Amino acid sequence: MRLAVRHVTQYRFDPPLVHGLQRLRLTPKETHGQSIAEWSMDLAGGKLEATYDDHNFNHATLISVLPGAAELTITCQGVVDTADRAGVLGKHGGRLPLWAFARQSGLTKPGPKMKALLASLDREPEDTLGQLHALSTAVLDAVVYTPGHTDVATSAEEALAAGKGVCQDHAHIFIGCCRVLGIPARYVSGYLMMNDRIEQEAGHGWAEAHIDRLGWVGFDVSNGISPDARYVRVASGRDYGEAAPVTGISFGSSASTLSVSLAVEQQAVQL
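The opening residue of the sequence shown carries number 659 in the numbering used here; numbering runs sequentially from there.
Hints were generated in silico from the structure; no laboratory data involved. Heads up, a few of these hints could be off.
Said to hold, decoys possible - Capping the alpha-carbon separation at 30 angstroms, the derived lysine-lysine pairs in DSBU-like fashion look like this:
hint, residue 1, residue 2
1, K773, K749
2, K749, K687
3, K687, K771
4, K705, K773
5, K687, K705
Claimed, not checked - Have a look at the derived ranges for each label pair, beta carbon to beta carbon:
hint, residue 1, residue 2, range
6, T795, L706, 23 to 31 angstroms
7, H690, S917, 29 to 37 angstroms
8, P725, Q668, 43 to 51 angstroms
All values derive from a computational prediction rather than experimental measurement. The beta carbon of each residue, even a glycine, is placed where N, CA and C say it ideally should be.
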C-alpha cells in the first residue's frame with residue numbers, strides 16, 4: 659500500500675521566544691514491510707542544527723527556534739510504501755540490548771491494578787502470541803478510549819485505575835504487563851490511515867513485544883489488531899518519552915499554544 663502523509667505542527671509563543679531547542683522524531687526509516695518513497699521536513703521560525711540516529715535507532719532531528727520567533731511551524735510530508743506482515747517486524751536491532759526493553763520505566767511501572775489485570779488472565783497459555791493477544795483485549799476492556807482524560811505524563815497504573823485513556827495509555831499498560839511476564843516490549847509512534855477519514859487530530863501509538871522465533875511483533879491495543887499495511891512506523895523507545903515526535907526546552911516565553919494538522923491517505927501506485 660502506498661500512503662501519503664502530511665503532518666503540520668505549529669507552536670505560537672506569547673511573548674516571542676528568546677531561545678528554544680527541539681528534538682524531532684518525525685522521519686520514518688525503512689524497516690521490514692516499509693520503504694520510504696519520499697519524505698521532507700520544512701521549518702518556519704526554526705533552524706536545522708543536526709541530524710543523527712539515537713540509541714533506539716530512530717532518526718532524530720535537532721532544531722533551534724529562531725530568537726524572537728512568535729511562531730514555529732514544522733511541516734513533514736512524504737510517501738511511504740507499506741506491506742501487511744501481520745504485525746511482525748522481525749529480529750532485534752539498534753544500540754540497546756534486548757534486556758533493556760524488559761526493564762520498567764516510570765511510565766510503565768506496575769502497581770496493584772496492573773498486577774490484578776495480569777492475574778485475571780489464563781495462567782497457562784498455549785503460546786506467547788496468544789497470551790499477548792489476550793492481554794491486549796483485557797487492556798482495551800479495562801480502559802475505555804477517552805481523549806482528554808490523560809496526558810503524556812500519565813503512568814500506565816494511573817490510566818488503568820481511571821479506566822480511561824488513549825492509545826498511549828493502552829500501549830504503556832500493555833508494555834508494563836509484558837515486562838512483568840519477562841517479555842521485552844517497547845512503545846512505537848507513527849501514523850495510521852483511517853478507513854473513514856483523511857484528516858486526523860494526532861498521530862498514533864502502539865506497542866511491540868519481542869517473541870521467540872518471531873522477533874518484534876506489533877500490538878495496536880486501541881484498535882484490537884496487529885499493525886498492517888495502513889500503519890507507518892516512525893519511532894520506538896522503552897516508553898512514549900523515547901519515541902515522542904517532539905520534545906524540547908525553551909526560554910523567554912511564558913505561554914505557548916500548540917496546533918496539529920495531520921492527513922494520511924492511500925495513494926495510487928504509478929506503474
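Right, here's what the structure says about each hint:
For the hint linking K773 to K749, the alpha-carbon distance of about 29 angstroms falls within 30 angstroms, and the restraint holds. Of the supplied pair hints, the one linking K749 and K687 holds, its CA atoms being roughly 16 angstroms apart against a limit of 30 angstroms. Between the alpha carbons of K687 and K771 the distance comes to roughly 36 angstroms, so the proposed pair goes past 30 angstroms and is violated. As the CA atoms of K705 and K773 are separated by approximately 46 angstroms, the hinted pair breaks the 30 angstroms bound.
For the hint linking K687 to K705, the alpha-carbon distance of about 22 angstroms falls within 30 angstroms, and the restraint holds. Under the hint 23 to 31 angstroms, the C-beta atoms of T795 and L706, about 43 angstroms apart, miss the expected range. The given range of 29 to 37 angstroms is respected by H690 and S917, whose C-beta atoms sit roughly 34 angstroms from each other. A C-beta distance of roughly 18 angstroms is found between P725 and Q668, which places it outside the suggested range of 43 to 51 angstroms.
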